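Participant: Top to bottom, those sequences are chains A and B. Each residue of the first sequence is one higher than the one before, counting from 121 in the numbering used here. Each residue of the second sequence is one higher than the one before, counting from 12 in the numbering used here.
A few of these clues could be false.
Derived pair list, reagent style SDA-like, types lysine to any residue, alpha-carbon separation capped at 25 Å [claimed, not checked]:
1) B:Lys40 - A:Gly218
2) B:Lys40 - A:Gly161
3) B:Lys40 - A:Leu350
4) B:Lys40 - A:Ala327
5) B:Lys40 - A:Thr242
6) B:Lys40 - A:Glu240
7) B:Lys40 - A:Phe130
8) B:Lys40 - A:Arg248
9) B:Lys40 - A:Gly159
10) B:Lys40 - A:Leu206
11) B:Lys40 - B:Leu27
12) B:Lys40 - A:Ser222
13) B:Lys40 - A:Glu217
14) B:Lys40 - A:Val220
15) B:Lys40 - A:Asp127
16) B:Lys40 - A:Ile351
17) B:Lys40 - B:Ala28
18) B:Lys40 - A:Ala203
19) B:Lys40 - A:Gly310
20) B:Lys40 - A:Leu224
21) B:Lys40 - A:Gly219
22) B:Lys40 - A:Arg128
23) B:Lys40 - A:Val135
24) B:Lys40 - A:Gly241
25) B:Lys40 - A:Leu270
Source of the hints: derived by calculation from the structure; they are not laboratory data. Note that the structure is predicted; figures quoted are calculated from it, not measured.
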Amino acid sequence: MAETSGDRGFREGAVAVVPMAVAVFGFGLSYGVLARAAGMGGVAPVVMSVTTFAGSAQFAAASVLQAGGAAATAALSAIMLNARYLPIGVTVAPWLEGGVWSRLLHAHLTVDESWVIAAEGTGRWNPRVLLAAGMGLWIAWILGTLGGVLFGNVIGDPTRLGLDAAFPALFLALLVPQLRSRERATEVAGLRIGAPPPAIAALLGAAIALALTPFAPAGVPIVAAGAACLIGLRGRR
Amino acid sequence: MSAVWIVVIVSGVGTLALKATGPVLLGGKPLPDRFAGVVGLLGPALLAALVAIGTFADGQRLVLDGRVLGVGAAAVAIRFRAPVLLVVIIAAAVTATARAFAG
């Protein structure tokens with residue numbers, strides 16, 4: 121067990137997640153509508169929200185099915201979009217207490233937003249906040265999906281409401297506080313750059329993702345962008 | 012079994028395997044010191060990638076559409092320390108308005 125993981129508890133996590141849960145509920149509604157329109161029926165989208173629990177991956181799978189793609193293609197694109205959860209899981213692993221089932225539960229409830237809310241800075245994560253935030257997001261995502269498949273005809277096309285822009289905006293709001301750092305300059309390969317390491321990692325990550333988008337299958341650019349964090353690799357001291 | 016259920020089962024199992032590999036194999040053990048700086052920077056790197064893709068990507072194409080205006084407006088709101096929910100609402104509203112004018 122690593123020594124400390126912050127003072128915040130379950131309650132702080134539950135409070136912090138509310139604005140994001142509202143957005144995720146709206147996103148879940150649009151997923152339910154689109155999945156139903158893609159011929160997934162009413163039950164399968166809800167089961168997928170309970171089990172896969174990853175927005176962009178579920179959208180990708182639905183759109184592949186709608187375009188008449190094979191089941192293997194749809195499942196593979198969902199899994200590739202979720203490949204970032206491998207490194208993300210490694211970052212939270214040292215802070216998880218309890219047995220295998222407890223760690224599995226925390227792992228399942230780890231999504232982009234709960235991972236960010238649970239970050240305590242300098243590479244530490246708070247498992248109680250992760251659990252609370254993840255549960256809030258999970259419930260919102262499932263209820264949203266259920267609402268979407270049940271009332272899709274009334275809601276209509278959700279992209280009209282600009283919901284697809286809500287997510288980059290949400291991630292930007294989560295990113296900005298993470299750009300602060302005690303270090304004023306970054307040393308990469310002997311070069312000294314006058315900006316803090318998180319800002320350099322962010323710029324590099326965005327650049328990698330955009331550069332790869334036209335050439336790599338969806339999901340791969342995001343995972344590749346994660347490699348930008350290697351600028352923080354410290355030499356053996 | 013129908014194609015839809017194969018997708019649901021395979022992506023569910025695959026996703027949980029990705030998420031759980033770290034926590035089940037490494038759970039409770041601290042990472043070596045030299046990786047501490049690396050994991051702290053994974054957040055900014057991945058979040059910035061999600062912002063960039065969510066704003067500019069349409070499948071495998073890079074496009075400029077209403078989302079750019081929405082996310083730009085969100086950036087201004089973040090600059091003035093607006094709460095997260097307001098930021099999200101502004102982004103959606105500006106994007107929807109831009110789309111309505113674009114026809």
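Participant: Run every hint past the structure and note whether it holds.
Facilitator: Here's how the hints hold up against the structure:
1. B:Lys40 - A:Gly218: 12 Å, holds
2. B:Lys40 - A:Gly161: 43 Å, violated
3. B:Lys40 - A:Leu350: 21 Å, holds
4. B:Lys40 - A:Ala327: This hinted pair is violated, its Cα atoms lying about 33 Å apart.
5. B:Lys40 - A:Thr242: It holds: about 17 Å lies between the C-alpha atoms, which stays within 25 Å.
6. B:Lys40 - A:Glu240: 17 Å, holds
7. B:Lys40 - A:Phe130: 22 Å, holds
8. B:Lys40 - A:Arg248: Answer holds: Lys40 of chain B to Arg248 of chain A is near 17 Å, not above 25 Å.
9. B:Lys40 - A:Gly159: 45 Å, violated
10. B:Lys40 - A:Leu206: 17 Å, holds
11. B:Lys40 - B:Leu27: Holds - the C-alpha atoms of Leu27 of chain B and Lys40 of chain B are around 20 Å apart, at most 25 Å.
12. B:Lys40 - A:Ser222: Given pair Lys40 of chain B, Ser222 of chain A holds - Cα atoms ~15 Å apart, limit 25 Å.
13. B:Lys40 - A:Glu217: 10 Å, holds
14. B:Lys40 - A:Val220: 13 Å, holds
15. B:Lys40 - A:Asp127: It holds: about 20 Å lies between the C-alpha atoms, which stays within 25 Å.
16. B:Lys40 - A:Ile351: Satisfied, since the Cα-Cα distance of roughly 23 Å is no more than 25 Å.
17. B:Lys40 - B:Ala28: Holds, at about 19 Å.
18. B:Lys40 - A:Ala203: 22 Å, holds
19. B:Lys40 - A:Gly310: 31 Å, violated
20. B:Lys40 - A:Leu224: 16 Å, holds
21. B:Lys40 - A:Gly219: Holds, at roughly 13 Å.
22. B:Lys40 - A:Arg128: 21 Å, holds
23. B:Lys40 - A:Val135: Violated. Lys40 of chain B to Val135 of chain A sits at ~29 Å, over the 25 Å cutoff.
24. B:Lys40 - A:Gly241: 18 Å, holds
25. B:Lys40 - A:Leu270: 44 Å, violated
The earlier numbered hints that this structure contradicts are 2, 4, 9, 19, 23, 25.
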